[in-house]
Amino acid sequence: MSSELLPHTLEPHPVTGMYNGKFGLWLFLASEVMLFGALFSAYILLRTHGDFPSHEETTLNYKIGALNTFLLITSSVTMVMAWASFKLNEPSKGKLYLWLTVFLSVAFLVIKIKFEYLHKIHHGITPDTSTFYAIYYCMTGLHGLHILGGVIVMLYFLLPGFGLWRKNPEQFTNRIECTGLYWHFVDLVWIFLFPVFYLL
Amino acid sequence: MSSDHTHNPGFIRKYVFSVDHKVIGVQYAVTSLIFLFFGFSLMMIMRWQLAYPGDAIPLIGGWLGQYLVDNNGVLLPEGYNALGAMHGTIMVFLGVVPLAVGGFGNYVMPLQIGAPDMAFPRLNMASYWVYVLGGIAMLASFFVPGGAANSGWTSYPPLSVIANVDNAHHFWNGQTIWLLGMVLLITSSLLGSVNFIVTIVHLRVKGLTMFRLPFFVWAQLVTSFLLLLAFPPLEAAGVLQLMDRAFDTSFFMPTGLVVSGVVRDEYAGGGSPLLWQHLFWFLAHPEVYVLILPALGIIGEIIANNTRRPLWGYKTLVYSVVFLGFMSFVVWAHHMFLTGMGTTMSNFFQTTTMIISIPSVVILTAMLLSLWNASIRFNVPMLFALSFLPMFAIGGLTGLPLGLSASDIQLHDTYYVIGHFHYVVAPGTIMALFAGIYFWFPKVTGRKMSTLLGHLHFWPTLLFMNVIFGPMLIIGLRGVSRRLWDQTEYVLGAEVQGWTVMSSWGAWMLGLSQLPFIINFFYSAVAGKKSVENPWKATTLEWAAPSPPPHGNFAEVPVVYRGPYEYSVPGAKEDFQPQHLSDAKLS
Amino acid sequence: MASSIEEVRKSVRLYLMVFGALGVLTIVTVLASSLNVSVAVGVFVALAIASVKGTLVATYFMHLLGERSTLYWVLILAAFFFLLLILIPVMMHSETVHLIDQVT
Chain A
1 MSSELLPHTL EPHPVTGMYN GKFGLWLFLA SEVMLFGALF SAYILLRTHG DFPSHEETTL
61 NYKIGALNTF LLITSSVTMV MAWASFKLNE PSKGKLYLWL TVFLSVAFLV IKIKFEYLHK
121 IHHGITPDTS TFYAIYYCMT GLHGLHILGG VIVMLYFLLP GFGLWRKNPE QFTNRIECTG
181 LYWHFVDLVW IFLFPVFYLL
Chain B
1001 MSSDHTHNPG FIRKYVFSVD HKVIGVQYAV TSLIFLFFGF SLMMIMRWQL AYPGDAIPLI
1061 GGWLGQYLVD NNGVLLPEGY NALGAMHGTI MVFLGVVPLA VGGFGNYVMP LQIGAPDMAF
1121 PRLNMASYWV YVLGGIAMLA SFFVPGGAAN SGWTSYPPLS VIANVDNAHH FWNGQTIWLL
1181 GMVLLITSSL LGSVNFIVTI VHLRVKGLTM FRLPFFVWAQ LVTSFLLLLA FPPLEAAGVL
1241 QLMDRAFDTS FFMPTGLVVS GVVRDEYAGG GSPLLWQHLF WFLAHPEVYV LILPALGIIG
1301 EIIANNTRRP LWGYKTLVYS VVFLGFMSFV VWAHHMFLTG MGTTMSNFFQ TTTMIISIPS
1361 VVILTAMLLS LWNASIRFNV PMLFALSFLP MFAIGGLTGL PLGLSASDIQ LHDTYYVIGH
1421 FHYVVAPGTI MALFAGIYFW FPKVTGRKMS TLLGHLHFWP TLLFMNVIFG PMLIIGLRGV
1481 SRRLWDQTEY VLGAEVQGWT VMSSWGAWML GLSQLPFIIN FFYSAVAGKK SVENPWKATT
1541 LEWAAPSPPP HGNFAEVPVV YRGPYEYSVP GAKEDFQPQH LSDAKLS
Chain C
2001 MASSIEEVRK SVRLYLMVFG ALGVLTIVTV LASSLNVSVA VGVFVALAIA SVKGTLVATY
2061 FMHLLGERST LYWVLILAAF FFLLLILIPV MMHSETVHLI DQVT
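Sequences listed follow chains A, B and C, in order.
Using the numbering used here, read the first sequence as starting at 1 and increasing by one per residue.
Using the numbering used here, read the second sequence as starting at 1001 and increasing by one per residue.
Using the numbering used here, read the third sequence as starting at 2001 and increasing by one per residue.
Careful, some of the hints might be misleading.
Restricting the straight-line Cα-Cα distance to at most 27 Å, the calculated cross-link-like pairs of lysine-lysine (DSS-like) are [as the list claims (entries may be wrong)]: (1) B:Lys1537 <-> B:Lys1448; (2) B:Lys1529 <-> B:Lys1448; (3) A:Lys112 <-> A:Lys63; (4) B:Lys1206 <-> B:Lys1315; (5) A:Lys95 <-> C:Lys2010; (6) A:Lys93 <-> C:Lys2010.
Don't read these hints as lab results, they were simulated from the structure.
All chains, full assembly: derive it from the sequences and hints.
Put into structure tokens, the structure is as follows:
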């Protein structure tokens, strides 16, 4: 079945008010809430269970964390601006914003890997150092993989996937909207990860 | 889309990497049936060691390899553990769930709501292939050094974390591959559940309101929500355990762990093995309902059809199934009464457990009442469906003592538990799945299955299911632990060895009893009697499509005029009124 | 759902305002963490600020404000089970821990 023939591929369903892709993406995000929920639960447990290093004993640099928070928030704005531009039928502006988002997220990843992970590993701080670093590497690593996934999707829509804009601009804009929803969620997770690991 | 594109997509695109929900449904069904039989075979090997401890396994003993048997062909304790862990994993995650959800859900659900396909056909294909990858990973783990995972299907740490890590092949060993396989299987279920929910909510045809949905679709909807929200925590837990194994982190490793007299100080400590149990059962209890809900859905369809009357209390059934799904998230710690979590928590969870038995009983009662005073057609699907009711009832009722924290102290981790949940899943769910196969076979293949072979399959299967699992309840009440390689080493085990031998023979006979089914399945698919569009005179939409349905399912999009089970309506010309025919057409 | 062209144009300004608010709140949370307060208060303040930021992202960037009740129900369900997960550590700190404390 070619997807063009399926109902509600483009037009929103009268009851839910969403097209298929958007509803599907929200459901996926609901499952992501549970995924990160389990990890946050693990964090709370480890932290309250003893043998968890106090904040003073850990060496995360909150300045780098704050910088990365800022990068991600900015990327969320550029993402939503990219969607708005496509919606307003300004594809070149939309593309520019999308490239900006890619740039900001790559910057986030480079900072995360080069100045945090590699720096720490160089100083012998690895996941098995303590439960704090174990959950830190695990959660930020999983979050980083989400960023990487988002970057790959954005690059797809910018390069080979952009042909869809000429064929069906509405569907393309919808896909950007879904990418955006995912992206804002990833941003939202970081908004919680930052204080939890860097400040508390 | 132009029509030349949709037709003749070539063999590979049509049968291997197909995006058609019907092909994917059949792929799921066949793959999972193979896994079901494979998982069952593992158990048949274990049953030899249990019945005749220390005797070489006949016929195949020499072929099982160094990780399972010794030089004489006797099953090793480690091999026994590996078979046990893999039996559970394969039956649940590679057999029953993919068959009930991936197979039946994929094939029947879109037809029942009148949709041309699933909402995301390519995602559907992806979820099948991710499932296959997970299956391959699980199978491959039998061949890596040290053999397959051997820490039980629950993989409790710290045992599972240190299992095989001393092996020279630190990373690629059974338990690690088990975890990777689980991550793949969970991902597959997740993709599937998103697809199911969107399809059911968005793609219903005109007139098919939520309360006109067949009960089976409701069961699939609730199941999908369970898959969507319960599986991710285990995915997270799996990642944590992977890190414990790969990077020596201590998520589940307590401080000062000593195993077999050796201090395991490569782990920094500070973690908690109980965290795994919580996260695991947060998934695995809803998982129980993932196993049973689609089965209840199938039974509902078949009972309504063969009693020729509406399902008793349709709305009650729907509300019960929704409530059941919700409650299944708040009972998980009743698997953990013996972890010492305290009486407050035990009380809370035994209360919720008693509450969850209410909707289950309501559903079963509604199904039983549907039979009351009906002129029942005893065809093969109906026989399986009827046998499901008492079997599931035994399974459910034997669960009550386990749900109460006081009696669970005696019964925890004994064969009683095994007997209980197998009554739910094997004579329960699997009987329902067989019923579904016999029921929808004519729709899928356009041919009917042989009734004679069906009877030859049904009667011995029902008998031997009980020969296997009945004794387990008795053995368990005597206090025999479920994880013993040789129970005769203990007096209490030796005394009930006779029951164990009986149970083993039941298992092997059950294996033999599947021969008529296998023959029937393949023979009828190519040479069975041709079937008409609606051989059972059923009312739901899948019977409005040709058998087998073509690509796109319906020649013209159907419109629904009535509820799903309008059988024997007083004054009507026929005893069934299909959902898609208007009153004008019926009169 | 901001679907019409006009609405999208209007919401662009809103996005920039939200962006400003998120930036300010990030600075506030960093500053707040340097205050000398008890751990409990610190955790509360940091999580409260993060929740406000998260709500802003969800309501405006993710357009949750304009969605219909179906989606709300799905998210409420997920939120409920999320809370249940978060409660697991609390469960593990009930009586057992106190019993062990009494013994040792």
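>> Run the distance test for Lys1206 (chain B) versus Lys1315 (chain B): straight-line Cα separation, threshold 27 Å.
In response: With Cα atoms ~20 Å apart, Lys1206 (chain B) and Lys1315 (chain B) stay inside 27 Å; holds.
> Does the structure keep Lys93 (chain A) and Lys2010 (chain C) at a Cα separation of 27 Å or less?
Replying inline: holds (17 Å)
>> Does Lys1448 (chain B) sit within 27 Å of Lys1537 (chain B), going by the straight-line distance between their CA atoms?
In response: holds (14 Å)
> Under the criterion that the straight-line Cα-Cα distance not exceed 27 Å, is the pair Lys1529 (chain B), Lys1448 (chain B) satisfied?
Replying inline: holds (5 Å)
>> Tell me if the straight-line CA distance from Lys95 (chain A) to Lys2010 (chain C) falls inside 27 Å.
In response: With Cα atoms ~20 Å apart, Lys95 (chain A) and Lys2010 (chain C) stay inside 27 Å; holds.
> Is Lys112 (chain A) within 27 Å of Lys63 (chain A), Cα to Cα?
Replying inline: Distance of about 12 Å is within 27 Å: holds.
Checked against the numbered hints above, the structure breaks none of them.
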